[in-house]
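Participant: Chain by chain, the residues:
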Amino acid sequence: MSIWEYANPKKFMQTSTWALPWVSGLAVVLLAVGLIWGFFFTPEDYKQGSTVKIIYLHVPSAMMAVSAWFMMLVGSLIWLIRRHHVSALAAKAAAPVGLTFTVIGLVTGAIWGQPMWGTWWAWDPRLTSFLILGLFYLGYIALWAAVEDADTAADLTSVLCIVGSVFAFLSRYAVLFWNQGLHQGASLSVDAEQHVSNVYAFPLWFCIAGFLVLFVTLVLLRTRTEIRSRRIRALMSRERAGVL
Amino acid sequence: MLNVHDLAVSRGGLTVLEGVGFGLAAGDLLVLRGPNGVGKTTLLRTLAGLQPTLEGRVAVDQEQITYSGHADGLKATLTVAENLQFWAAVHGQTAIDPAITAMDLTALQARRAADLSAGQKRRLGLARLLVTGRKIWLMDEPTVSLDAASVGLFGAMLRAHLAQGGAAVVATHIDLGLPEARVLDLTQFKVKSNRKGAFDEAFA
Amino acid sequence: MMALLQRDLRLALRAGGGFGLGLAFFLMVAVLVPLGVGPEGALLTRIAPGILWIGALLACLLSLDRMFALDFEDGALDLMAVSPLPLEGVVAMKALAHWVVTGLPLALMAPVLGLLLSLAPGGYVWLVAALVLGTPALSLIGSFGAALTVGLKRGGLILSLIVLPMYVPTLIFGAEAVRRGAVGGDAMVPLLLLAAISLGSAAILPFAAAAALRANLK
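Residue numbers (our numbering), protein chains in the order written: chain A, 1 to 244; chain B, 1 to 204; chain C, 1 to 218.
Some clues are possibly wrong.
Computed cross-link-like contacts, EDC-like style, restricted to lysine to aspartate or glutamate with a CA-CA straight-line distance of at most 20 Å [said to hold, decoys possible]:
#1 B:190 / A:239
#2 C:153 / A:45
#3 C:153 / C:88
#4 C:153 / A:148
#5 C:218 / B:72
#6 C:218 / A:151
#7 B:121 / C:73
#8 C:218 / C:74
#9 B:190 / B:72
#10 B:135 / B:55
#11 C:218 / C:40
#12 C:218 / A:148
#13 B:192 / A:239
#14 B:121 / B:82
#15 C:218 / B:55
FYI, nobody ran anything at the bench for these hints, they're computed from the structure.
Next up, chain A with everything else stripped away, as it sits in the complex (with noise of 0.2 Å):
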């Protein structure tokens, strides 16, 4: 048996059948445990007080922000190369659910920022290449809409996928060049200095993985939403054709 066998559709609706409950399950579970314990449970920070408590959401959302966009460069890259609508269909399927994890991500940045920096808005290089970033799945999603024959919008947004994340990733790089701004740097890193203590670590993890298993069950969700509706487009061509 092979990975690929779930690219069938036929297959991947009996499996994603099978499989939602529990992932759904599990998302609600991890944000449980890592949101209360995050919120109710940690002391508040000596200088940034229970403000500090926002990075439960912000960080998670960043983070699944940028690994959608990635999620949705593999899905194109598969579509391209072996031709697997399932493929097409969840790289489509995920990109309203990474745009709404960069507005997330941006709002509650602006909320913490207020108290912190005092200002809603920096054209800090971070908040800057994220606003890019939400740019870029706007026009991803709107070329999406934009094409009717589904093979034609598969093709043409597959190939803006992969050159979007080559100018995405340039962006970052040049924003950086343009500005050096004030946000901290990572928040978790493994060999470097800790820059968040344990009592907060701990909680974000859950968070993260939260979040991750989240983005599974939304697009798992909304990929069964795009194969059915791309079956009943079917249907209706087969019927407008009077086969049915």
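Based on these hints, arrange chains B and C on the given structure of chain A.
Facilitator: Structure of chains B and C alone, referenced to chain A:
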């Protein structure tokens, strides 16, 4: 020159023709017939390599094919001669005079394509086939908006092309006045079962 | 391929406005900005590099949607796809023609607009250099966007939504080069990075755009 074997083609994710097969040798003229929507244009575009084949094989030297569709690809602000010179240059050719004489465009040479009538534009579009220097002509409704005299010119040009070892596939409703033409009615290849295409990709 | 370049340039000349439109738009931006932000010279000197680059960028964007759309509508793109020309070459020539018609004139006219925006004296050379090196990237990225959206009805809007985020690195390095040049700083680094983006785009984007065209033709 052109061999088609068990070909299936689709339009808009729906299979329209299946099991199409024919062969074309030097000097052959094949006329495609069938009602609107049967898939004549789709078949021609697939043969030209503009569309992927759904099933089956097309054995042909792509370097020998040229295509003439509903639109002629003319630039309104270029003159008749400039339009032809461009397509000749694209195909690595230089001579455009034979094409101009063949479609009786000599008097119109310096005129801008924008100032031509619909029939004259079509004549220019057909003259383009000659300047490509290619052997296999795929033509989609070439006689639209041509008058009887121009259809005669076109027939003569086509016959000369065949005599020089060329070949052509023409989708048309009218009689070209070429008795050597073989007729292929596409209705027989119309899809009956619809087991292919986007339909099954979503279900399989 | 030279024939295609020649034809596109000739078409741009005859259609009138091919050269003029982008330039006129660029001029408009340079006139409207001082009216919007006030006539104070010091402020204009400070923002001139950015305004000039944004003006150039928008002027480039203006004519992008016609790059392939006209040839798509009249069937010429189909015929080119069947011809011996590789589509990658078609894209490259179209982008080159677009640059000759928009990017190059913009770069040459920019110093005059620099005067209007009281650009610092040191900035003029860098302004022209940055535009000459950077506008090819704008045309190439634009050709990719135009190839993606060639078959769409409301293509222009989506084209700008796709292309503008991809213009970010070019804009940053371009404006930075002029800004540093204007204050006598080291403008060589952003200028070289700008050239790198143009060269990288020339190496990659014609292939991506040709793939998009093929998908759109079928």
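Participant: Check the structure against each numbered hint from earlier and tell me which ones fail, lowest number first.
Facilitator: 2, 3, 9, 10, 11
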